[in-house]
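Make the full structure from the sequences, and use the hints.
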Amino acid sequence: MSDDKSDAELVLDVIGRMLETGTFDASQLPRDPAARYRLDEIVVAIGKVQNFTLLLSNGDLDSRLEVQGISAGGLKSLQSNLRHLTWQTQQIAAGDFSQRVDFMGEFSEAFNHMVGALDAARTDMEQRELELLALNAQLLNEVTVRRKVEEALLQASRKLTLLSSITRHDINNQLTIIMGYMDMLESKEHDPNLNAYFQTVSTAADRIANMIQFTKQYESIGVNAPVWQDCRTLVDTAVKQAPLGPVVVKNDLPAGAEAFADPLVVKVFYNLMDNAVRYGGKITTIRFSVEEAGDDHLIVCEDDGDGVVAGEKEKIFERGFGKNTGLGLALSREILSITGITIRETGEPGKGARFEMTVPKGAWRFGIH
Amino acid sequence: MDNNRKYLFSWDLLGDLTAGRPNLGPLVRLEVYRLMQYTLRDAIEHEIGTEATDRIFYNAGKLAGQEFYLHVIKDAPDLPAFVNAVQEALKNLKIGIFRVEKADPVKGTFVVTVSEDVDCSGLPNLSFSVCTYDEGFIAGLMECFTGKKYRVKEIDCWCTGDRTCRFTIDVME
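First to last, the protein sequences are chains D and S. Residue 206 in the numbering used here sits at position 10 of the first sequence; the count goes up by one each step and never skips. Residue 94 in the numbering used here sits at position 56 of the second sequence; the count goes up by one each step and never skips.
Derived from the structure by calculation, the hints contain no laboratory data. It cannot be assumed that every hint is accurate.
To be verified - With beta-carbon atoms standing in for the labels, derived distance ranges: (1) S:Met210 to D:Gln334: 50 to 60 Å; (2) D:Ala306 to S:Glu85: 46 to 56 Å; (3) S:Ala81 to D:Ala306: 40 to 50 Å; (4) S:Glu85 to D:Ala316: 44 to 54 Å; (5) D:Arg324 to S:Ser165: 52 to 62 Å.
Claimed, not checked - Some chain D residues flagged as far from chain S (calculated, every beta-carbon gap over 12 Å): (6) Thr219; (7) Glu262; (8) Ala333; (9) Leu335; (10) Gly516.
As the structure is a computational prediction, the values presented were derived from the model and not from experiment. Virtual Cβ for every residue (Gly too), placed ideally from N, Cα, C.
Structure below.
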């Protein structure tokens, strides 16, 4: 206990140290017992306020402050506001965006603005969800309608196929009868002037047979949905089927190069090989490769045969043109056209044929899928 | 209860303020309200004692709370709507700033506060809480909203040195 300082000074020292450090020197207390008692009350109150403040600053909103007065009251009011904000935040998290804060200055502004923005975002999201649901329902309906149409078309296609099959069969039967009796008539002794007539009838019968054959092959085009097909594999498959003889096929199409085409597209490659061997003359090699042409890709089939005469580069794609059935290239063009692929002959006559199949962007892809 | 009593309350007793106060309007200073309340309390306590006075004030507040719900809050569909309606009404009528600290509707326990309370804010420290009427008022509101009876107790008050009046609300089994 210091004899130099008065009780008042000692009281002030204790209070000052308590406020600054939260502790006091028990040996430095006033001499007067009443003053010591009152000082003790003040020190205890200060300690409680300090402890409460620390707890509050650490987020403890449940502690109690058993001190009265303006300072303690202000802190307890702050605690009450924080508790209320906690409850409001929980309400917002549960979806109640009607919560607003009043009488807390800048914090009220910021909080209310945030909740308003959350509410607007939620409303916008709910609106979009409704729109998506409506769109989904519409799409579902369209898909349902489309499926029904597809089923109806498939049914009609089946009926047509059956009908044409029966009709072809009946016509072929009658043709067989005609040709049979024609042969019998021709084999009998007859006026030589009638030979020309026999030839005309025979030619007509052959044309009818070709037409029947064309319809049989044509009705299959476009019946099944187009699919992605590996071009190199198509060539390899066609090679096994085509009557190549000594002609060599070089497949320089890269693996993984796919074209979107009718499932019958393998016949195109078969027809190209078959035509090359049949009409190529001195042909020894057929080569398949791919070239880029802007956004499109060209599948090229070229050989070292006789080539195509200048004035016949489009005629070869007409039905009936050629020494055989005359159907191969006509059908090939039809098959390719299902997915927008075009074909033309661009070779130099006498130096070999060159068929370019132009696959448009969107019907060509490369890589692993 | 005898419904032919002289002072049986009805909302009509609030009167037509437009007709009644065409010049002074509907507002009165807070001091006048407190003057009436605290002199009335004094007189009643003098007659029948402290405990009975508190009971009377609690019941009066409860009656007011019930009538207030029926005529001002009306039908609140859920707790958030109820809290919002009470907050807005008390703020607009300048009764106080009502806030919720805790709410457990399942257990039926709540802690609410009223800041700048009309009864006590700014009063001197009396070492006891004075918002008995508010306790009843809150009990009346809760009873009409939930259909259950509640016990409301003020645990912090301006008159006990706090700056916010805090009330606990507990459902009565």
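Against the structure, the hints come out as follows:
1. Judged by the Cβ atoms, the range 50 to 60 Å given for Met210 (chain S) and Gln334 (chain D) holds: they are separated by roughly 56 Å.
2. At about 53 Å, the CB distance of Ala306 (chain D) to Glu85 (chain S) agrees with the hint of 46 to 56 Å.
3. With their beta carbons about 49 Å apart, Ala81 (chain S) and Ala306 (chain D) fall inside the hinted range of 40 to 50 Å.
4. Restraint check, Glu85 (chain S) to Ala316 (chain D): a C-beta distance of roughly 59 Å breaks the suggested window 44 to 54 Å.
5. In this structure the hint that Arg324 (chain D) and Ser165 (chain S) lie 52 to 62 Å apart at CB holds, the actual value being about 59 Å.
6. The claim that Thr219 (chain D) lies off the interface holds: its Cβ sits roughly 25 Å from the closest Cβ of chain S, which is beyond the 12 Å cut-off.
7. For Glu262 (chain D), the shortest C-beta to C-beta distance to chain S comes to about 10 Å, within the 12 Å cut-off, and the non-interface label is violated.
8. Interface exclusion of Ala333 (chain D) from chain S stands, the closest Cβ pair being 30 Å apart, more than 12 Å.
9. Here Leu335 (chain D) stays apart from chain S, with its beta-carbon at least about 36 Å from theirs, past the 12 Å limit.
10. Interface exclusion of Gly516 (chain D) from chain S stands, the closest Cβ pair being 82 Å apart, more than 12 Å.
Checked against the numbered hints above, the structure breaks hints 4 and 7 and satisfies the rest.
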